[in-house]
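J.: Given the coordinates of chain F, assemble chain L onto it according to the supplied hints.
There are 2 protein chains.
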Amino acid sequence: MKELGHGANVNHMASIYNKKPEDIIDFSSNINPKVIKNLDKYILEGLKECRSYPDINYTNLRNNISRYIDIDSKFIIPGNGATEIIYLLMKSINKRLAILNPTFSEYGRSAKLNNLEVVNLELNKEDNFSLDLETVKENIDTFDSLFICNPNNPNGKVQDLTDLLDLIIKNNKLLIVDETFMEFVENEEDYSLIKYVEKHENIFILKAVTKFFGMPGLRLGYGVTSNKEIISKIYEYKEPWTINSFADNLSKYIFEDKEYIYESKEYYIKERAYMVNALESIDNLTVYETDTNFILLKLHNKSAHVLKDELLKYGNILIRDASNFIGLDESFIRVAIKSHEDNKVLIDEMRKILGK
Amino acid sequence: MKELGHGANVNHMASIYNKKPEDIIDFSSNINPKVIKNLDKYILEGLKECRSYPDINYTNLRNNISRYIDIDSKFIIPGNGATEIIYLLMKSINKRLAILNPTFSEYGRSAKLNNLEVVNLELNKEDNFSLDLETVKENIDTFDSLFICNPNNPNGKVQDLTDLLDLIIKNNKLLIVDETFMEFVENEEDYSLIKYVEKHENIFILKAVTKFFGMPGLRLGYGVTSNKEIISKIYEYKEPWTINSFADNLSKYIFEDKEYIYESKEYYIKERAYMVNALESIDNLTVYETDTNFILLKLHNKSAHVLKDELLKYGNILIRDASNFIGLDESFIRVAIKSHEDNKVLIDEMRKILGK
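Residue numbers (the numbering used here), protein chains in the order written: chain F, 172 to 527; chain L, 172 to 527.
Where hints are given, some of them may not hold.
Which copy? The list can't say, so a pair holds if one copy fits it or any two copies do.
Stated by the list, open to error - Distance condition first, Cα-Cα at most 20 Å in a straight line; then the derived EDC-like pairs of lysine to aspartate or glutamate:
{"id": "1", "residue 1": "K219", "residue 2": "D361"}
{"id": "2", "residue 1": "K423", "residue 2": "D513"}
{"id": "3", "residue 1": "K191", "residue 2": "E216"}
{"id": "4", "residue 1": "K344", "residue 2": "E430"}
{"id": "5", "residue 1": "K191", "residue 2": "E220"}
{"id": "6", "residue 1": "K205", "residue 2": "D480"}
{"id": "7", "residue 1": "K262", "residue 2": "E277"}
{"id": "8", "residue 1": "K191", "residue 2": "D243"}
{"id": "9", "residue 1": "K262", "residue 2": "E410"}
{"id": "10", "residue 1": "K191", "residue 2": "D226"}
{"id": "11", "residue 1": "K208", "residue 2": "E427"}
{"id": "12", "residue 1": "K190", "residue 2": "D226"}
{"id": "13", "residue 1": "K409", "residue 2": "E437"}
{"id": "14", "residue 1": "K205", "residue 2": "E297"}
{"id": "15", "residue 1": "K262", "residue 2": "E407"}
Hints were generated in silico from the structure; no laboratory data involved.
Next up, chain F with everything else stripped away, as it sits in the complex (with noise of 0.2 Å):
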């Protein structure tokens, strides 16, 4: 069986230092740990859609995304996560597509796979891997599509992209940005490019919906275009019946429960401010700004897989070697931001590994 490049997994790692899976907390995928209020009656509703094939044009999920986004719903491709439409939007584009690193390697992989050409660009390292515009400029001719995660996966920055898309639509390129993060984000409203969608065709927003609303295991998410080009192409390649019953009824009652929404960033401004300032009180560290639920980190005299191997052993943690992110290098870790109690217990535990 071939491991696929996605970090560390739970059971595996589990099996290697002969721990219960369920004994380990798990700081290397970034899920809300909240959870959805009658998920249960939720799921056993689901179960009985399940018991015929999902609506092949998913029309009902299509309008559940439009209302939560204010976007008309012939512009949402729905997808079984935000997996499928990467893949689907790589068979779609033209020839040529940039990608802002460090960022999740799915977008190279599949761009590769799909037999693209990709430029690597760089976000700014020394300024918090902020976009350089002047990159961009420079890079213009070398490019149809520019991809970009925002906030980016893995330091957790937001960035303002009006300018790159102004940047963009001036060179009829087409901007394709990961927002998969942005409900994490304290003014949303403020960096989300969903609004510029049904004016301009030289957008794709990319989401998945089960890491903010906590259930990575449902696979729902979404892709967002007035393009109709690309579109017409999605549809010409999209397998039919993708996304399972449970996630098609579930977005009845997710998109519309507020009270999770709200709770759900109000918590994550207050953590993450405590969290950040307890790890910028360890030694040898450095701490990159967030926006999200996961922390970029810098250690200054240790390997990320050393520290990774010491945590799993003494602590029953699980982090994110990223190392292996385009343009980072050994000594990056990642870390999601839990439960206050968990945060709890990583902070004390990279104390006693890193000192202070």
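T.: Just chain L now, kept in the frame of chain F:
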């Protein structure tokens, strides 16, 4: 929104006739109506799993399938429905694919989307859509792989494919068999080619799980082959986490539920006999032999779309207009075998419309 070519959709058809979807008896899709015992409990257990990412290697899932079909788990490739496996397979086989028609349209669609050369061969309509080995022999140099569905959709008759397998092995081709409906067959073990998979690299078996287990909205299927080259190609293209946690978790239980499997088989043996017998007593109708949970019918003096409209309008019954299968025409319909009560309703309505 582009309509995919998958026959009717209950919601869509209901809206045309101003009916409620829940009032319609759906004979157009082939789902076992029997429900797994304790399903609610298993699903709520799956909900807990859903809070984290599924195991990217789906080790437990593959082991559960492995025990069920008695094949080494390394030869099992799980998918988001059989559909995912069909599409991956088309990326992983050699250029020329022969398909035995009439059959499920997704084989041809996926082949063409992946730029395969499709050679359409025909089953013998005059002899219950049986395979004519001579046709395959004559065409043996025109293809690299041969795709057959057994029992075949839309006619439902199972066939002994051992002579075909010998021919394929002798000529070093690949035989792809969709055995999705094999569990409905009375003497399954006499017909399934799964037992030859470990010995011969020339076989690829495809299986949907959720038709027999009555949960198409769950999305689970798999491929089985010992062909190392194909396995490795498939994993090169496979997207991560395509199978949701409910399906992953449920695999612990459904394959072990011998009572469900036994009772479903017994039910279909009896109900098939009843329904074929009843349909044969209706005028102006040819009933094709079937070993599975659906029946192909040929109308003598009415076209498929007219009968479909009439059954929906007067009987709230949705059937499958089978005229768009390659090799069939306007006179063919397909009906599922459902609960005994539903089946009686269909028989009565068809008798009213067609006579006697």
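J.: Can you give me the call for K190 and D226, within, between, both or neither, at a CA distance of at most 20 Å?
T.: So K190 and D226 pass the 20 Å test across copies only (16 Å; inside, 42 Å).
J.: My question is about K344 and E430: at a cut-off of 20 Å on alpha-carbon distance, are they close within one copy, between copies, both, or neither?
T.: Classified as neither: same-chain Cα gap 38 Å, cross-chain 59 Å, threshold 20 Å.
J.: Have a look at K205 and D480 and pick one of within, between, both or neither, based on CA distance no larger than 20 Å.
T.: neither (28 Å within a copy, 48 Å between copies)
J.: At most 20 Å between CA atoms: does that hold for K219 and D361 within a copy, between copies, both, or neither?
T.: So K219 and D361 fail the 20 Å test inside a copy (40 Å) and across (35 Å) alike.
J.: Between K262 and E277, at a C-alpha cutoff of 20 Å, which is it: within one copy, between copies, both, or neither?
T.: So K262 and E277 pass the 20 Å test inside a copy (14 Å) and across (19 Å) alike.
J.: Please work out whether the CA atoms of K208 and E427 approach to 20 Å or closer within one copy, between two copies, in both situations, or in neither?
T.: For K208 and E427, the Cα distance is within 20 Å only inside one copy (12 Å; across copies 33 Å).
J.: Since the copies are identical, ignore which copy is meant and state whether K205 and E297 lie within 20 Å (CA to CA) inside a copy, between copies, both or neither.
T.: Answer is neither: 34 Å inside a copy and 61 Å across each miss the 20 Å cutoff.
J.: Can you tell me if K191 and E220 fall within 20 Å by alpha carbon in one copy, between copies, both or neither?
T.: between (35 Å within a copy, 15 Å between copies)
J.: From the Cα coordinates, with 20 Å as the cut-off, is the pair K262 and E410 best called within, between, both, or neither?
T.: both (13 Å within a copy, 14 Å between copies)
J.: Classify it for me, K262 with E407: is the Cα-Cα distance of at most 20 Å met within a copy, between copies, both or neither?
T.: Answer is both: 10 Å inside a copy and 16 Å across each meet the 20 Å cutoff.
J.: Please sort K191 with D243 into within, between, both or neither, judging by C-alpha distance up to 20 Å.
T.: neither (47 Å within a copy, 25 Å between copies)
J.: Between copies, within a copy, both or neither: which fits K409 and E437 at Cα up to 20 Å?
T.: neither (37 Å within a copy, 37 Å between copies)
Checked against the numbered hints above, the structure violates hints 1, 2, 4, 6, 8, 13 and 14; every other hint is satisfied.
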